[in-house]
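Trainee: Listed below are the residues making up each chain.
2 protein chains.
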Amino acid sequence: MNIALDVMGGDNAPHEVVAGAVLAAREYGVAISLVGKPDVIAHELGKYDVRGLKLPIVPASEVIEMEDKPANAVRAKKDSSMVVACQLVKAGKADAFVTAGNTGGALTAGILHIGRMKGIQRPALITPFPTNTGFCLILDVGANVDVRPEHLQQFAVMGSVYCKRIMGVPSPTVRILSNGEEQGKGSQLVLDATTLLERTPGITFLGNIEGRDIVNDLADVVVTDGFTGNVLIKTAEGVGKLIRTILVEEITASPISRMGGLLAKSALRRLARRIDDSEFGGAVLLGLSNLVVVAHGRSNANAVRHAIRVAKQASDFQIVNEIQAGVHEIGASAAERQSQIA
Amino acid sequence: MNIALDVMGGDNAPHEVVAGAVLAAREYGVAISLVGKPDVIAHELGKYDVRGLKLPIVPASEVIEMEDKPANAVRAKKDSSMVVACQLVKAGKADAFVTAGNTGGALTAGILHIGRMKGIQRPALITPFPTNTGFCLILDVGANVDVRPEHLQQFAVMGSVYCKRIMGVPSPTVRILSNGEEQGKGSQLVLDATTLLERTPGITFLGNIEGRDIVNDLADVVVTDGFTGNVLIKTAEGVGKLIRTILVEEITASPISRMGGLLAKSALRRLARRIDDSEFGGAVLLGLSNLVVVAHGRSNANAVRHAIRVAKQASDFQIVNEIQAGVHEIGASAAERQSQIA
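For the protein sequence lines, the chains are A and B, in the order given. Everything in the first sequence is counted per the numbering used here, starting at -12 for the first residue and increasing by one. Everything in the second sequence is counted per the numbering used here, starting at -12 for the first residue and increasing by one.
Hint data in this document are derived by calculation from the structure and do not stem from the laboratory. Given the structure is predicted, the values throughout are model-derived calculations rather than measurements. Among the hints, a few may not be true.
Since copy identity is lost for identical chains, a pair holds within one copy or between any two.
What the hints assert, rightly or not - Derived DSS-like pairs: lysine-lysine, alpha-carbon spacing no greater than 30 Å straight-line:
(1) K172 x K56
(2) K228 x K252
(3) K77 x K172
(4) K151 x K105
(5) K105 x K172
(6) K34 x K80
(7) K65 x K24
(8) K172 x K65
(9) K56 x K24
(10) K80 x K56
With the rest of the complex left out, here is chain A (with noise of 0.2 Å):
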């Protein structure tokens, strides 16, 4: 198992991103090729003990950078450290490709430089969401802003198997984000989505699911255009931080408090961890020959570290393999019933 890793890409590269890779490749005992500027990388990697460590150095003379557009640069930049980390997997001598970087450049790079999986129209990027128990996943968080009903379709498809291999639930359910939870309520989108959806094979698909309720458990896996899991998943992140920056303003307010808050501080801290999206591992493109995993720009270490479990797990559970046979799956089972009608 080899893992390509983006070292330039992120707020933090190259030192939390190095940084990541070594706790990673200590725990989990994998391969990470460090991609990018060779100087640099050796740099970082000698504050560290990396005796008996596979953390081989690939050089990349160039970097996406955050504010490159991301078409562009993938184009133009072909020594940057994100198209040679994914030429790596696409010559095989990777098995997953794992960035803090740029979103859109991963994005591009990977459906130009890994490719799409044989009958996936559209790449989509699946995420874990918190919930009272856990979380859920859900996608597109982004790799697509409009969409076909038949996406959503295959969205649900590759949810599906991707929670039943890394989250071990035998039958995941599956929703469809709509603004509200009666049937019937939602864009034309989820509609037309919805008549598909019901008749999809290897799906436990329950209907709609409202925006409050994705915290309630209600679903295993929640598909929706990348358009709107982007604006949900920022808006979570917002609030979140919103109710901290409230809550740490109210509580240094009076000195009572603050006692308070000193003495609550472990169960604070538990409450910051259990939404702490650096535990989550970032989201993974799902839809490519093989596996991309964007961790968020302002990963640190553990972020990272999180993010190439994440690639590990999905390598080392084959979830390529079994997506492209689900994908299968819901083609032949059309065709199917084509020909029960002619």
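Assemble the complex: chain A is given as a structure, and chain B must be docked to it using the hints.
Mentor: Just chain B now, kept in the frame of chain A:
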């Protein structure tokens, strides 16, 4: 000033609704027509000292239930509290309609029985959303699931006028919700609407906003389609509830943190109040020839009181006439551009 209040609508109707009406009549000095089953209302009113308050009972024998299909129910239940209340407004006997009942029912009753404002294609629901320093306004949060760019343009004008008058912001800033802050990021709808918004007279349009930045006071008004807006506010509600649940779980998990929670109790209460939507007065349906205020289904007396306050303010500030003028201006400006091109 007279407000037509649907006494039968909401999870806590009629007791909390009547309680809220009594509070509002006392505090704001408005007349409130209590629309619903006379015996039920009389019984509830009997619990309070209402001497000197203007709280006339207006009989309506039917109720549009939370589970009713809005379009059918509004047509079938002609003597429902919602329909009768809207007819009071239409007949000029009341200045606004307030309900905590079925949102779809309120929209349908408003559109059918109060009627659209001249020139408005789609009425939209506007609601306050908490930010670091106060709140911003978001519309549409659920009246229109599928919209066209020109609808978003009208939403921006309606939202600006409302913000200017109700919040006293002289030149409210407007942004469009998207999946990235950079210009050029967004669905086709967002891109097309942006072109229109950039040349809309009377608004201060600043481009895109992401879900996570809404709390950061980057805009006074955020426009979006009713599907995405609905997902946004409900996700925020769900996340807020999740964090409260986890906070209580973690604080009560050990005796020391429980003690801390007790000491920080007033701080936690202030936190709850700052993000509690019952203080916000619900959502207002803009674009009808008079005002409709839709409070949350689970409104308590305090939320009903605030919804009545919002209706009173909007009526005091002649929001309807102001919006009419603003929308007229878009039309005039578009006609002028046409004539310059010709």
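Trainee: For every hint, state whether the structure bears it out.
Mentor: Now for the hints, and whether the structure bears them out:
| no. | hint | verdict |
| --- | --- | --- |
| 1 | K172 x K56 | between (37 Å within a copy, 10 Å between copies) |
| 2 | K228 x K252 | both (17 Å within a copy, 20 Å between copies) |
| 3 | K77 x K172 | between (43 Å within a copy, 29 Å between copies) |
| 4 | K151 x K105 | within (21 Å within a copy, 54 Å between copies) |
| 5 | K105 x K172 | between (33 Å within a copy, 28 Å between copies) |
| 6 | K34 x K80 | within (27 Å within a copy, 78 Å between copies) |
| 7 | K65 x K24 | within (14 Å within a copy, 73 Å between copies) |
| 8 | K172 x K65 | between (46 Å within a copy, 24 Å between copies) |
| 9 | K56 x K24 | within (21 Å within a copy, 62 Å between copies) |
| 10 | K80 x K56 | within (28 Å within a copy, 57 Å between copies) |
The structure agrees with every numbered hint stated previously.
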